[in-house]
Amino acid sequence: MTLLHIIILAPFILAILVPFLYKTFRNIHTGWFVLPLPILSFTYLLQFISNVSGRQPVTATVPWIPALDIHFTVYVDGLGLLFALLITGIGALVVLYSIYYLSKKTEALNNFYVYLLMFMGAMLGVVLSDNLMVLYVFWELTSLASALLIAYWFHREKSLYGALKSTLITVSGGFAMLAGFILLYVITGTFSIRELIGQADVVAEHTLFLPAMLLILVGAFTKSAQFPFHIWLPDAMEAPTPVSAYLHSATMVKAGIYLVARLTPVFAGGAEWFWLVSGFGIVTLFWGSFSAVKQTDLKSILAFSTVSQLGLIMCLLGLGSAAMYYGYGDESLIYTKAVLAAMFHLINHATFKGCLFMVVGIVDHETGTRDIRKLGGLMTLMPITFTLAVIGGFSMAGLPPFNGFLSKEMFFTGVLLATKLDIFNAETWGYLFPVLGWIASVFTFVYCMILVFKTFTGKYQPEKLDKKPHEAPMGMLVPPIILASLVVVFGFFPNILSYTILEPTMASILPALVGPNEHFIVHITFWHGFSTELFMTMGVVGLGTLLFVGLNRWTGVYGLFPQRLALNHLYDQSHIGLERFSSRVTRLHMTGFIRDYLAYIFAFFIVILLSALVLLNAFNLEFVHSAPISFYELILSVVMVIAACAIPLAKTRLMAIIAAGVVGYTLALFFVIFRAPDLALTQLIVETVSVTLFLLSFYHLPELKQEMSKVRFKLTNLLIALGVGLTVTLIAFSAHSTRYFESISQYFLEASYKEAGGKNVVNVILVDFRGFDTLLEILVLGIASLGIFALIKLRKPRGNES
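Sequence positions in the sequence shown follow full-length UniProt numbering and run 1 to 802.
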């Protein structure tokens with residue numbers, strides 16, 4: 001195992017140690033023990049920048065399940081390194097922020113950091129795994145860890161609701177994605193992403209191409225909150241703010257973006273991928289920005305802004321995939337600008353969105369509310385926080401001189417290029433991209449202004465606040481200050497990322513469009529002259545300002561949408577309907593009577609096994625290898641049948657126990673006849689103990705009074721009884737009459753003494769050849785004994801039945 005594998009597994013290992021650290025060092029905030037890990041991981045990953053910029057990806061493999069072509073292969077190229085640096089870098093800042101945000105006196109920090117570390121490790125596993133099956137394992141771990149983080153304050157109903165909602169949607173998408181991965185394996189015979197990219201032409205020509213693509217996109221869209229699957233993301237805001245900052249800026253919601261980018265070389269180049277990815281992206285961008293304006297909770301505004309920004313990145317990836325259609329050449333390089341814009345905005349979004357979430361957390365922490373109707377006038381009371389909000393908010397709005405302005409201009413370039421495409425009918429429908437993109441940018445500007453000015457300017461309302469506002473402690477300010485600094489630095493000096501991060505990432509997404517010794521041209525500048533993009537930005541600022549100033553005059557339009565058609569309402573109603581349906585089905589078969597449960601079990605037993613015998617033509621009846629039945633065996637069989645029939649017909653419990661004992665002792669006699677004295681002795685001991693315990697137990701029960709005349713005949717019971725008997729008999733005969741292999745008995749007879757040193761074959765089999773089975777059987781009995789003991793000790797005293 002290499003250090004790269006350890007980087008992925010280290011968060012899980014530390015998560016195991018966190019509860020012990022929490023209990024041992026109660027006077028020290030647990031976050032201080034967690035903080036070094038993401039810092040060290042980030043520092044270690046920085047060394048790979050020289051490798052990926054020189055087109056020398058790093059690979060390390062640990063065999064896992066070779067028979068199924070599943071290996072734990074870590075692959076670090078430009079795309080994987082970009083996401084890994086975001087995960088560890090933002091993760092370090094989030095952990096530092098959480099140390100000052102979460103109190104060690106009132107919060108269960110052991111739970112929080114266990115979940116956070118699980119989440120960090122799972123995300124690293126997703127972005128650095130080359131094997132699709134390993135990627136899927138980590139993918140579902142992100143869903144599990146995020147659900148635990150969202151439900152961290154589990155005593156709140158909204159937290160549980162948000163966790164359940166995110167789990168149902170993302171895990172369902174994950175199952176669809178798994179099916180898509182399996183189809184890719186059927187097509188190519190490999191789970192390796194690198195090998196899949198090498199067989200992209202084979203995938204494109206296969207009949208399973210479209211089903212595999214659709215299933216994988218469902219997984220990507222649900223994870224990255226694309227319309228209409230975005231409804232889980234706003235409810236995830238019930239998680240602590242450090243979680244929201246991490247989840248929205250660098251981790252879970254970016255997993256779907258990563259998957260689309262990673263599989264672009266496999267699926268891109270066709271109309272289906274182009275329209276699905278870019279179409280869902282542009283609709284998500286518009287709907288997210290439009291919905292954000294009406295929110296009154298600061299975190300809800302940021303949640304819908306995340307939906308919007310994710311749609312923007314997804315749209316650019318879809319538009320950039322058109323370059324794959326043209327193949328290697330100068331014409332394709334024009335459309336790679338959209339992919340460049342997507343990756344640059346991915347970085348920018350991580351910086352300004354992480355900063356804004358931390359700012360909102362500070363406001364909530366210091367005022368006790370996130371409701372913008374109660375906030376206002378905080379600029380003079382919290383000047384540093386206000387400055388950070390301006391930097392992050394203006395960057396998200398696409399205003400200069402911040403990095404968001406650069407990527408927003410590049411977004412406009414990307415959507416304008418869509419109108420120049422002469423493929424996929426983009427020459428007509430392509431005009432929707434700049435139109436919807438521009439309108440969405442106007443709403444983005446509006447909600448950014450709401451976020452900044454409604455919170456920090458206007459009238460100060462101390463009577464509506466739970467706390468007296470003041471500036472946050474420096475420890476809570478340092479992480480957003482670092483992110484805000486990056487917003488400014490990447491704005492003024494964007495090209496420090498050009499050939500270190502962005503160009504290698506583009507080469508990972510579009511490997512077929514650049515030669516092994518060539519590079520994409522990446523040069524980002526503020527001024528391009530008086531271009532269409534600049535005029536679009538000026539229009540966004542102008543119209544956005546008017547809409548913000550006259551906000552109260554037009555927001556009534558949101559009330560025109562019928563609540564019944566809202567996606568959240570449809571989700572809630574479908575969930576309620578599913579619960580009612582499952583409740584009815586459960587009540588139908590969970591009657592509370594054991595005889596009903598036995599009837600269901602035996603009926604299922606009969607139908608499944610008899611159907612299998614008939615459909616597979618498995619019934620076989622041969623007595624060639626059978627030994628003759630002796631007179632003693634016949635007599636014992638008759639006795640056993642009579643005793644078994646006497647049990648349900650007995651009029652007293654004593655007679656029923658005696659009849660059951662006769663069955664057991666008769667079976668012991670069979671073992672004697674078959675020359676198995678050990679088994680006979682064991683059976684005699686067990687039967688004696690059982691009969692004795694039965695007698696001791698039933699001695700304290702009232703006398704069984706059963707009159708045969710009152711027992712009703714039930715045809716169903718008779719049919720089930722006969723069916724079970726017939727099924728077991730047919731299976732026994734068929735199993736005895738079928739010989740696919742030579743009997744293994746001779747092997748045990750020969751090997752028992754030579755290999756195990758025992759002459760008693762039965763004992764040797766139980767202790768040596770099947771030692772683990774015997775050990776587990778003893779373990780099961782031990783657990784059952786402890787359970788019985790607990791039930792006896794915990795029983796309620798007489799007279800206390802409530």
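It is worth saying that the hints were derived from the structure and are not from the lab. Note that this is a predicted model, so its numbers are computed, not measured. Misleading hints may appear alongside valid ones.
Restricting the straight-line Cα-Cα distance to at most 25 Å, the calculated cross-link-like pairs of lysine-lysine (BS3-like) are [claimed, not checked]:
(1) Lys467 / Lys454
(2) Lys104 / Lys294
(3) Lys459 / Lys294
Label pairs and their in silico Cβ distance ranges [to be verified]:
(4) Leu17 / Leu598: 41 to 49 Å
(5) Phe605 / Phe561: 49 to 57 Å
(6) Pro211 / Thr428: 27 to 35 Å
Ideal Cβ positions, reconstructed from N, Cα and C, are used throughout, including at glycine.
Cross-check of the supplied hints:
1. The suggested pairing of Lys467 with Lys454 holds, with an alpha-carbon distance near 18 Å, which does not exceed 25 Å.
2. Taken as a hint, the Lys104 and Lys294 pair is broken in the structure, with Cα atoms around 36 Å apart against an allowance of 25 Å.
3. A C-alpha spacing of about 20 Å is found between Lys459 and Lys294, which places the hinted pair at or below 25 Å, so the restraint holds.
4. Judged by the Cβ atoms, the range 41 to 49 Å given for Leu17 and Leu598 holds: they are separated by roughly 48 Å.
5. Taken as a hint, the range 49 to 57 Å holds for the pair Phe605 and Phe561, whose Cβ atoms sit roughly 53 Å apart.
6. The hinted range of 27 to 35 Å is satisfied by Pro211 and Thr428, whose Cβ atoms lie roughly 28 Å apart.
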